[in-house]
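Chemist: Here's the letter readout for the chains.
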Amino acid sequence: MSAPALTPAPTAGTAVPARPHATPARLAAAWLRSAPGRWVAVTLAIALGAGFVAATLTFSATFRAALAAGLTAPYRHADVVVTPSGDVPDGALLTRIRQAAGVTAAEPLADVPVRWVGDRAHGTVELTALPADPALRWTELGAGGWPATADQLVLSTAEARRSGLAVGSRLTLTGPAVGGGQVPATVVGLVDVPGSATPGADGDAFGTPELLARVHQGPVTASAVLVRGSGDPGELAARVRDAVGGAGTVSTAAEESARALHRLEDRTLALTTVLSGFAAVAVLVSGMVIATTWTILVAQRRRQIALLRCVGASAEQVRRQVLAEAAVLGSVGALLGTAAGAGTGYLAAVLTGLAGDGPVLEPLPLAATVAGGALVTVAAAWLPAAGAMRIPPLAALRPADTPSATPPATRRLLRPVVATLLLAAGVPLADGARGDGLPVALAGGAAAAVAVLLLAPTVVPPLLRVVGVLCRGLGVPGRLAVHNLGRNPGRSSTTAAALMVGVGVIVTLQVGAATAEASLGGALSAHFPVDLTVDAGGDPLDRDRPAGADGAPGGLAAAVAEVPGTADVLELAGARGTVTGGATVTVLGLPADRGPATVRPRSPGEVVVPRWLDGQEATDGRRITVQVGDRRAELTTRVAPIDAAGVSGAADTVVVDVAVLRRLAPAALPLAVWASVPDAGDAEAVTARLTELLGADTARQLGGSVTERAQLQHVLGQLVTFATALLAVAVLIALVGVGNTVSLSVLERTRETALLRALGMQRGQVRRMLAVEAAALSVAGALVGVLAGLGLGWAGAAAALGASQDGLVLSVPWWQLAAVLAAAAAAAVLSSVLPGAALAE
Amino acid sequence: MRSPTPVAQPTGPSPSGPSADACVAVDVVKTYGTGPTAVRALDGVTARFRRGRFTAIMGPSGSGKSTLLHCLAGLDTVTSGRVRIGDTDITALDDRRLTRLRRDRVGFVFQSFNLLPPLTAEQNILLPLDLAGRARDRAAFDQLVDRLGLTDRLRHRPAELSGGQQQRVAVARALITRPDVVFADEPTGALDIRTGRALLSHLRSVVRETGQTVVMVTHDPVAASFADRVLVLADGRVADELDDPTPGTVLAALRPLDR
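If you read the sequences in order, they're chains A and B. For the first sequence, position 41 (counting from the first letter as 1) is numbered 40 according to numbering that gives the first Met the number 0, and the numbering increases by one without interruption. For the second sequence, position 182 (counting from the first letter as 1) is numbered 181 according to numbering that gives the first Met the number 0, and the numbering increases by one without interruption.
Calculated from the structure, these hints are not laboratory results. Computed from a predicted structure; not experimentally measured.
Which residues of chain A face chain B? A partial, calculated answer using Cβ under 7 Å:
| # | residue |
| --- | --- |
| 1 | Thr22 |
| 2 | Ala29 |
| 3 | Trp30 |
| 4 | Ser33 |
| 5 | Gln303 |
| 6 | Cys309 |
| 7 | Val310 |
| 8 | Ser313 |
| 9 | Leu393 |
Note that CB positions come from ideal geometry on N, CA and C, so glycine has one too.
Construct all of the structure, not just a fragment, from the sequences and the given hints.
Modeler: Structure follows, in structure tokens:
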């Protein structure tokens with residue numbers, strides 16, 4: 000047979016201009032459409048990362064707008080704002096301003112914190128003087144009417160809702176002044192205050208200037224004067240400036256608003272920074288997970304890609320196809336995530352009461368988030384795409400084996416070396432930065448964190464072997480699982496590292512917060528000698544019962560002793576008296592062997608005095624006379640921080656031996672109750688219980704370090720909970736990665752598992768094998784994360800507190816750490832369920 | 000070590016010079032591994048495949064027939080020796096040129112897994128043209144598809160096609176670029192006997208009608224009898240060569256190699 004004439008290959012005649020991108024993109028589209036389920040995990044990782052950023056953006060934009068609306072609200076109808084210098088009385092200043100040409104109205108802006116007590120509830124509000132000229136009122140009346148007399152006030156709708164008050168509610172107001180009287184007032188209306196206050200801040204109330212003066216027991220100094228006038232605000236400001244002279248600073252309302260917003264930026268900078276930091280962690284973790292998942296997505300299609308190469312796809316076309324997939328999925332995932340995240344961010348603002356007047360969506364940053372999500376995905380897919388390029392065409396002819404790619408020796412060596420250098424630089428920086436402040440410590444901490452990350456491939460495989468030894472007890476499935484993890488150490492460690500980052504940051508936070516709490520607690524103890532004090536501002540707690548000479552609890556003290564968490568409850572008798580120089584003091588008597596040693600007289604001849612007595616600095620060893628009524632005693636002074644435990648009110652408190660007190664005031668009544676709270680962890684509960692116990696009795700006041708400590712615990716606890724919730728997202732993303740890694744090992748081992756099944760391995764055993772794999776991987780990752788977090792958390796707290804060596808108490812929230820580890824393992828086992836079911840088939 | 004002397008010279012006259020050969024292998028040696036554990040899969044193979052002919056490569060397991068096919072097709076590199084496709088020495092090509100050669104001048108049909116699951120039959124057939132950014136010749140495409148009996152199967156995905164249909168799609172894809180040579184590696188290996196025979200008849204008739212060159216590896220004497228010529232390999236060398244084979248002559252040629 001002879002060769003027939005060969006038709007020439009149609010390279011010249013029918014060739015059309017090449018469309019280099021068309022086929023990779025079309026192939027990518029076909030692949031994406033063909034098995035949507037395969038792409039769910041990676042899309043989830045992308046969406047979670049982008050969603051976190053979008054949520055952060057929306058949350059901060061919304062709450063900043065809300066705060067800004069609240070801050071700038073008073074200037075809403077003003078043209079010019081005058082800030083008094085304090086040299087001229089408010090009345091004179093107002094007269095000067097009103098005389099300026101073009102001024103139609105000028106009203107002082109003044110407020111005072113007020114404690115109110117109603118029939119069933121009590122609380123505090125910021126009572127603001129309502130501008131007499133309605134043109135300058137910045138609030139809208141929602142119900143009722145404006146206050147006309149000094150016994151009427153209006154409340155913000157939010158405060159009324161929070162406290163269960165309504166138009167017609169009768170309140171008793173107490174101002175901050177010492178011995179301030181109680182002023183009755185009726186709620187006559189509700190107003191809508193723009194924006195919203197910081198959570199935990201006082202609510203808003205408005206009353207006439209006369210009401211303010213009554214509550215304050217004197218006129219309240221204006222913090223600003225709101226001015227309205229005709230013509231251009233700039234020209235008006237100039238005229239007002241001429242009229243005011245040196246009595247105040249004049250600016251237009253717009254300038255004043257801008258200044259307020261600027262101060263707000265400063266105040267919210269810390270929160271924004273922290274949120275950005277968390278967002279960065281989430282993005283880092285999702286990038287790592289996307290990269291591992293994409294490696295898996297490439298490995299799953301190893302033969303198909305090889306076939307593509309056989310048929311004539313260039314390596315570049317394969318790369319473009321993988322990157323096209325990443326671009327498409329990245330955009331879709333980021334878009335979904337950003338939309339969901341913006342919603343979540345607003346929801347978070349609503350739940351924390353920071354939503355103000357509705358969601359604020361910043362189009363540019365949100366669009367950048369979508370673009371960034373796509374970009375991060377493409378970047379994360381870059382290495383897997385390069386791996387896909389290296390798949391030889393011949394692989395199409397072989398069963399799906401995935402040889403583990405061993406990086407060149409130089410790169411293997413490079414990692415530990417770089418990591419060690421970073422550690423060497425980072426740890427001393429983070430640790431030694433106590434004096435130098437936070438930025439240096441942050442840099443050091445970041446370096447150390449990157450080092451830990453780089454060390455992962457070196458550290459994780461041996462760790463997996465250690466964890467593996469523990470899994471031996473689980474029989475054949477356990478042994479196989481550990482062997483499987485060892486097969487592809489690179490992939491195992493990347494997966495574990497993603498988890499490590501998430502867990503590491505959470506633990507850093509927890510340890511940091513616990514250490515900060517313990518250290519600040521230590522500092523508080525030095526400052527506050529008594530954990531808990533209750534007094535009635537120098538009035539007797541129990542009028543009808545003289546105090547026992549031994550300080551034994553009775554009456555209120557007995558009730559305090561009943562509260563779980565309190566100990567060493569002391570009832571202290573006392574009396575009003577004077578000291579040399581004529582200053583009024585409250586004299587408390589302390590039994591010789593009771594109470595904290597720092598504030599206890601060492602002998603009957605000693606009197607414990609605060610550092611500042613009657614406005615003068617006190618010194619040790621001075622002889623002074625303490626007089627109650629007409630009885631007097633000569634005593635030697637010892638200075639101690641008694642002011643922090645002293646009876647509230649204007650008078651200073653001094654402590655004498657109880658026997659001395661009896662001599663001075665034989666009929667002394669109980670003035671104070673002291674108690675200790677041995678376990679700082681009880682502080683919040685004890686405070687809550689006591690506040691309830693004291694009820695609406697405004698005269699009795701709770702003091703001592705325990706309230707501070709409870710506040711500290713509360714704030715830190717809220718912060719840590721908030722941050723942990725945020726970072727849990729990062730861990731969630733990492734767990735998606737664990738599930739993916741396990742599904743890949745499933746894919747690689749289909750035949751092998753079939754063999755195992757043929758050899759009699761039960762379905763349950765197969766599933767158990769995968770569960771052990773996932774758990775071992777997670778525990779290894781979480782373990783490194785916990786260890787790194789411990790170190791970084793401690794260093795971070797040290798740097799943030801700038802504490803001296805002795806003030807720092809390393810505190811480890813053990814049960815929290817255990818919970819993190821357990822959660823990681825449990826979630827990992829859960830993430831192996833789907834692949835397990837697939838493999839057991 | 001045996002010297003890489005060719006056992007059999009390519010037979011038949013070659014009146015029109017090198018261009019009469021679609022594919023030529025000269026002294027091809029392929030070793031795997033190094034040192035004492037090295038395996039010499041091809042031990043100096045010289046063979047010529049003339050244009051328009053259908054050649055079967057046979058031999059016992061481990062005789063190197065698949066390795067030879069991979070080396071001829073540029074899927075695997077040779078340790079020494081030369082392989083030419085048309086006028087191009089492919090042993091000197093870099094990955095980019097090899098890829099273009101596979102795309103434009105070589106067709107493949109494998110034992111199984113020939114098609115990309117997400118693409119339809121038509122998209123699979125047109126893949127090499129798409130990858131090259133070339134437009135299809137509508138008439139040629141229709142004719143080819145019609146000859147292989149795939150006209151009503153073009154919109155189906157591989158999972159919706161029978162094994163025989165899948166292999167015919169693979170044949171169509173291998174032929175769509177009118178390559179210098181089509182390499183087939185056990186194309187009937189995954190098919191039952193009847194479907195396998197039908198595929199081979201299709202392949203032979205398309206080859207005869209379009210003047211394509213086919214090199215097929217098989218271990219089935221009946222499959223080999225569809226070829227114009229059979230090359231028998233043993234221990235990495237050409238052991239025998241048959242023209243116009245029948246199952247009987249192929250079996251007879253293989254028998255001395257069965258140890």
